[in-house]
Amino acid sequence: MGTMQEENRILVIKICSIWALTAGSWAVLSINTPLLLDEIAGKEVSPTWQGVFTATTALSGMLFCGVGGYYSDRVGRMEFLIPWMIIFSLSTVFVACSTVYKSVFLLWIARVPALSIPSTIIHAILADYMSESALMETYGYATATFGISVLVSSSLCGLISLYISRLAAIIFAAFLAFGGLLLTVITKLPSRVRPQLHSKNLQEELVLLSKPPTRVTDGLLKIYRNTQLRNFILALVLLRTGNTNIQSLLVLFLAYRLKWKTPEVSALMVVGSLVVIGVQLLGVKCVLTNNKACVVLIISLSLAPLVAMAYAFAMSATEMYAVAVMSSLLTISGTILDTKVAALASESNSTGLVLGCVGTLHNSLDVVTSLSLGRLMSWSFSSYPPSSVMSGLPFVVNSAIYVASLLIVTHTKYRLHILHEER
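Numbering follows the numbering used here, in which position 196 of the sequence shown is assigned residue number 196; successive positions increment by one, without gaps.
Wrong hints could be hidden among the right ones.
Claimed, not checked - Keeping only pairs whose Cα atoms sit at most 30 Å apart, straight-line, the calculated DSBU-like set for lysine-lysine is:
1. Lys43 x Lys292
2. Lys188 x Lys292
3. Lys285 x Lys14
4. Lys188 x Lys259
5. Lys292 x Lys102
6. Lys285 x Lys413
7. Lys43 x Lys102
8. Lys14 x Lys259
9. Lys43 x Lys285
No wet-lab data here; the hints were simulated from the structure.
Predicted, not measured: the structure shown is a model, and the values here were computed from it.
Please take these sequences and the hints and turn them into a complete structure.
Here it is in structure tokens:
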């Protein structure tokens, strides 16, 4: 960050601060909502309800990510971020009310705001002001900020739940959300955007995206015609979907197999967050220094299916911690793919549309997978004891999504290698 201009450095700090407060609130809710649902609905049907909740969030993201990304290219990024922050802040109030009134309906309403929407806008803002050389490092800072926020908020959530109450932890999440809203409202983006990229190879790859689209259909058509961008978008969508599935299933799975409560789940998230922070701050710098992004991407995607399946085979707390650490190490693949997609789209002046497409496709797939895996987990819980590997069957099925992402990336890289040799 030391090589950035002062204006850009201040912008990154402000955006990461907004992301930290939002992520911290989200982390507290992601720990407490499934456990609260488990108490209200019961262990047999709570996985099905969790699938419905995840599908609701995914449907919201599907409807608003693409539209918000497209219009933020023209109207402004903050004009779409502020309304979402308002809705998200109100959702924390609904979760607090559901704690008092034991209402599944209030929990369901609280799941409407999708985290993929601010993620899309925040990544688009950073891509607007950063050159290609600084973009991966900046995305690494954003992901590390997410990890630090999850670490701190999860730790405080566990302590507050242990020594005070779950309701107090949810009120803490509400304070974080409203703090993020206030910071978003007072943040003003600089008028000067980053300089255009001048890489010859990148210009050749983006020849079909050289002009900003005047309509959504024009922009989508140009994205579709750019094979490399299209394939990386699909790979990123599948990778995010696999990660989301693990996040949505893990808390209920831990409660069923290991009988964990809020403090134990919080401790696991703290350890995972520590690893994510190290990977994003040190790992990304190492990748940039040695120019090994593609190699690291292929290796991490190759390990992802094995790590996803390992959750089903973890029978003790030690084994679960080991799997969580491995899963956190592989988050670098998401940062690399995010950067490649943003870099390929940046010269078109439609970064918001491209990242919005990623969010829309991701959430569309989430609707299907969350409902399917939620039903599958309900069946596996009712059919197999906690000590059976089959009780973790959804994690085995989820590993196929990572395999698909790996195949797309390797095929794209092979195709680019062949084209390079032909030239």
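Now for the hints, and whether the structure bears them out:
{"no.": "1", "hint": "Lys43 x Lys292", "result": "violated (45 Å)"}
{"no.": "2", "hint": "Lys188 x Lys292", "result": "violated (36 Å)"}
{"no.": "3", "hint": "Lys285 x Lys14", "result": "holds (21 Å)"}
{"no.": "4", "hint": "Lys188 x Lys259", "result": "violated (46 Å)"}
{"no.": "5", "hint": "Lys292 x Lys102", "result": "violated (51 Å)"}
{"no.": "6", "hint": "Lys285 x Lys413", "result": "holds (22 Å)"}
{"no.": "7", "hint": "Lys43 x Lys102", "result": "holds (15 Å)"}
{"no.": "8", "hint": "Lys14 x Lys259", "result": "violated (40 Å)"}
{"no.": "9", "hint": "Lys43 x Lys285", "result": "violated (44 Å)"}
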